[in-house]
Amino acid sequence: MSIVTLTTDFGYSDSYAGVMKGVMLKINRELQFVDITHGISPQGIQQAAYVIYSAFSHFPEGSTHLLVVDPGVGSKRRPIAFEAGGYFFVGPDNGVFTKIIEKLEPSCIHEITNPDFMEANVSNTFHGRDIFAPATAWIARGGFGLASLGPQISDPVILDLPRQTQSAPNLIEGRIIYVDHFGNAVTNITAGLIAKLQKELGAEGVEIEVPSGVIKGILESYCEAPDGKAICATIGSLDTLEFFVRSGSASATYGLSVNDDVDVRFY
Amino acid sequence: MSIVTLTTDFGYSDSYAGVMKGVMLKINRELQFVDITHGISPQGIQQAAYVIYSAFSHFPEGSTHLLVVDPGVGSKRRPIAFEAGGYFFVGPDNGVFTKIIEKLEPSCIHEITNPDFMEANVSNTFHGRDIFAPATAWIARGGFGLASLGPQISDPVILDLPRQTQSAPNLIEGRIIYVDHFGNAVTNITAGLIAKLQKELGAEGVEIEVPSGVIKGILESYCEAPDGKAICATIGSLDTLEFFVRSGSASATYGLSVNDDVDVRFY
Amino acid sequence: MSIVTLTTDFGYSDSYAGVMKGVMLKINRELQFVDITHGISPQGIQQAAYVIYSAFSHFPEGSTHLLVVDPGVGSKRRPIAFEAGGYFFVGPDNGVFTKIIEKLEPSCIHEITNPDFMEANVSNTFHGRDIFAPATAWIARGGFGLASLGPQISDPVILDLPRQTQSAPNLIEGRIIYVDHFGNAVTNITAGLIAKLQKELGAEGVEIEVPSGVIKGILESYCEAPDGKAICATIGSLDTLEFFVRSGSASATYGLSVNDDVDVRFY
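Residue numbers (the numbering used here), protein chains in the order written: chain A, 1 to 267; chain B, 1001 to 1267; chain C, 2001 to 2267.
Just so you know, these hints were derived from the structure itself, not from any lab.
There could be a bad hint or two in this list.
Said to hold, decoys possible - The list that follows gives simulated cross-link-like pairs (lysine-lysine, DSBU-like), each with its CA atoms no further than 35 angstroms apart:
1) B:Lys1103 to B:Lys1026
2) C:Lys2026 to C:Lys2103
3) C:Lys2216 to B:Lys1026
4) A:Lys199 to A:Lys216
5) B:Lys1103 to A:Lys26
6) C:Lys2026 to A:Lys103
7) B:Lys1216 to B:Lys1229
8) B:Lys1216 to B:Lys1103
9) B:Lys1229 to B:Lys1199
10) C:Lys2026 to B:Lys1026
11) B:Lys1103 to B:Lys1076
12) C:Lys2199 to C:Lys2229
13) A:Lys26 to B:Lys1196
14) C:Lys2076 to A:Lys199
15) C:Lys2076 to A:Lys196
16) A:Lys229 to A:Lys196
17) A:Lys199 to A:Lys229
18) A:Lys76 to B:Lys1076
19) C:Lys2076 to B:Lys1076
20) C:Lys2026 to C:Lys2199
21) B:Lys1216 to A:Lys76
22) C:Lys2076 to C:Lys2026
23) A:Lys196 to C:Lys2026
24) C:Lys2229 to B:Lys1026
25) A:Lys76 to B:Lys1196
26) A:Lys103 to A:Lys216
27) C:Lys2103 to C:Lys2076
28) C:Lys2076 to A:Lys229
29) B:Lys1196 to B:Lys1229
30) C:Lys2103 to A:Lys26
31) B:Lys1076 to C:Lys2229
32) A:Lys26 to A:Lys76
33) A:Lys76 to A:Lys103
34) B:Lys1076 to C:Lys2216
35) A:Lys26 to B:Lys1229
36) A:Lys216 to C:Lys2076
37) A:Lys76 to B:Lys1229
Fair warning: this is a prediction, and the values are worked out from it, not measured in the lab.
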């Protein structure tokens, strides 16, 4: 059984994700599907870029990660596939793989142009079913080089995602990049950079500014938070700074959203 | 591994769908489940009829499609199973298979009455668990004729679903039959009939009337839509006329809903 | 293939549940996952306790049930695993297994302390990924005694869940313990106790009091309900008293919620 993960914005009320699995099983019966999520916001390319980045490496090597968040379906945006870090990736060339490509630096990215790896009739509205699912099933089956899919491309779309910057000796500037189901607000500020500055500066303390206020200190875990609905900071499961409210939603209570500025100041 | 698909209105917060899978695995360990959706609106028989129709043929032949949208559970409505087009279907006889039966014309439909294919104690409130899941698992295991399940019936419930009609040489009348997660509004007007009339008439153009306005032309893909929130028409992934708003919801923006009238006029 | 079920409050928009499956597959490729639900309300320990209790026995013996509803992650709350009734259970020691432990009376419950059964780096915010998923995958693989996981504990957290009581010869007092996706309100009053009293008393009738009114009689099935939006009672799929509105939501229409008092009076 080959592992295929699925990440889409199809939601949970239509047949679209199921149909993609059916199409894949027609080509390859030896597949084990894992849904990462079909709950990406419609056309949420940046959100999908973070979700797949947080998930891909937790799967066995050889897994194929299929992403379909594809507002450009039917346009000239290219369908692509590549191997990197021991995994395969298939999806639209719209920036959804930005974080993966930056981290894993694939040596080759192929445009999928070979009709042998597509459905016989390709619609203009559902390439998930007609191009990405078949390509995924064939790749998971293996036995051919990805060059068979189509020509190599050298200019994949890379989103200009916000980066953390050290803008003063004692200041890290970053952003909220993701808000999860619990209302936890995840930033792009890494535990590594925080620890480095703290050590270099021999800092006594740290305060963190978000649009709605200032948070003092970084807790070890959710459970160190005081009772009540205070907003708190901790290092989350992606090893980055994250805001939460104990038994509540930091996003709802403090109005935090994606792209909010975050300043971390040591003193 | 035999493939079993599931389509229900159970939602995603209870144990009902999981329990059906457990019941099936007790009977047959060699099953691969694919959730088509558990997000059918409660008691949404017509919606389910379209969803399974859009999905069934994309699975390998021999797959068993289990549908449980069953407001009549505990009444005299019959549990049924049949083979058609190389697939097996199991569910309540309440019209949920209308489109499947009309298209595939099964030669035999069986009422499930044989207790050997049911749980030992059949509740009055959860036939999904007690009748449909066990029957599905046995059918997927095979080795017996469906006649063992119970007597043949000749009068399955068929819903009077709206049909497209050509009501003048240059006019097709149809309906919106489905609104998807993206807010795209799918009609029952086929690409085939549109193309036929366009050719016969040598028509210059087409305009489409929906309750909230008139749309000119049918685009090749979502990406040909102008910027902004204009409502547009295209041929969707079911090969039928469909309305959309680029990066938005046609249903929410233009108040389109299931059963709205749609007139396609060639000029 | 070993069966692993998942019950969490992770929702359907993040990668958390998918990541847990990836972690398990890295340890053990021979797993068949069944999602019971990821739709438990955030931190809904009591809800999860009922959901797993309603589901566990419908799976084949030998299945491993993984529960991650874990507001105490990162605190001293213990990760636990145990075998009972032919099944394995893995999750936090926060009461989520209350109903299971009361019913199955496991002879041994083990705290998971052995790092050999964990991820190399255990975060303070996602023990689902770092402790519970790996332990589950190892247990499903088998070949060792659960004592290898860590020391036996004798004082698992048991929630004080509401119980039905017979507070007069003709009166059962209970509570609403669960509201499902359809708005059906499930009580903890068993069909067994109702039948027993009815027989002992030779009762002519029964009336049921809920905060918003009085219901006369217990119907055999949903379909016996009169047309309209009257609230009705029946015996649900857990063999307990349950309230419903035909083609509607008893919870929404009558404002029923978890912990509402329910009195059943025979006359």
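Verification of the hints:
no.	hint	result
1	B:Lys1103 to B:Lys1026	holds (33 angstroms)
2	C:Lys2026 to C:Lys2103	holds (33 angstroms)
3	C:Lys2216 to B:Lys1026	violated (39 angstroms)
4	A:Lys199 to A:Lys216	holds (18 angstroms)
5	B:Lys1103 to A:Lys26	holds (21 angstroms)
6	C:Lys2026 to A:Lys103	holds (21 angstroms)
7	B:Lys1216 to B:Lys1229	holds (15 angstroms)
8	B:Lys1216 to B:Lys1103	holds (32 angstroms)
9	B:Lys1229 to B:Lys1199	holds (31 angstroms)
10	C:Lys2026 to B:Lys1026	holds (26 angstroms)
11	B:Lys1103 to B:Lys1076	holds (26 angstroms)
12	C:Lys2199 to C:Lys2229	holds (31 angstroms)
13	A:Lys26 to B:Lys1196	holds (32 angstroms)
14	C:Lys2076 to A:Lys199	holds (28 angstroms)
15	C:Lys2076 to A:Lys196	holds (28 angstroms)
16	A:Lys229 to A:Lys196	holds (30 angstroms)
17	A:Lys199 to A:Lys229	holds (31 angstroms)
18	A:Lys76 to B:Lys1076	violated (54 angstroms)
19	C:Lys2076 to B:Lys1076	violated (54 angstroms)
20	C:Lys2026 to C:Lys2199	violated (56 angstroms)
21	B:Lys1216 to A:Lys76	holds (24 angstroms)
22	C:Lys2076 to C:Lys2026	holds (27 angstroms)
23	A:Lys196 to C:Lys2026	holds (32 angstroms)
24	C:Lys2229 to B:Lys1026	violated (38 angstroms)
25	A:Lys76 to B:Lys1196	holds (28 angstroms)
26	A:Lys103 to A:Lys216	holds (32 angstroms)
27	C:Lys2103 to C:Lys2076	holds (26 angstroms)
28	C:Lys2076 to A:Lys229	holds (21 angstroms)
29	B:Lys1196 to B:Lys1229	holds (30 angstroms)
30	C:Lys2103 to A:Lys26	violated (44 angstroms)
31	B:Lys1076 to C:Lys2229	holds (21 angstroms)
32	A:Lys26 to A:Lys76	holds (27 angstroms)
33	A:Lys76 to A:Lys103	holds (26 angstroms)
34	B:Lys1076 to C:Lys2216	holds (24 angstroms)
35	A:Lys26 to B:Lys1229	violated (38 angstroms)
36	A:Lys216 to C:Lys2076	holds (24 angstroms)
37	A:Lys76 to B:Lys1229	holds (21 angstroms)
Checked against the numbered hints given earlier, this structure breaks hints 3, 18, 19, 20, 24, 30, 35; the rest are met.
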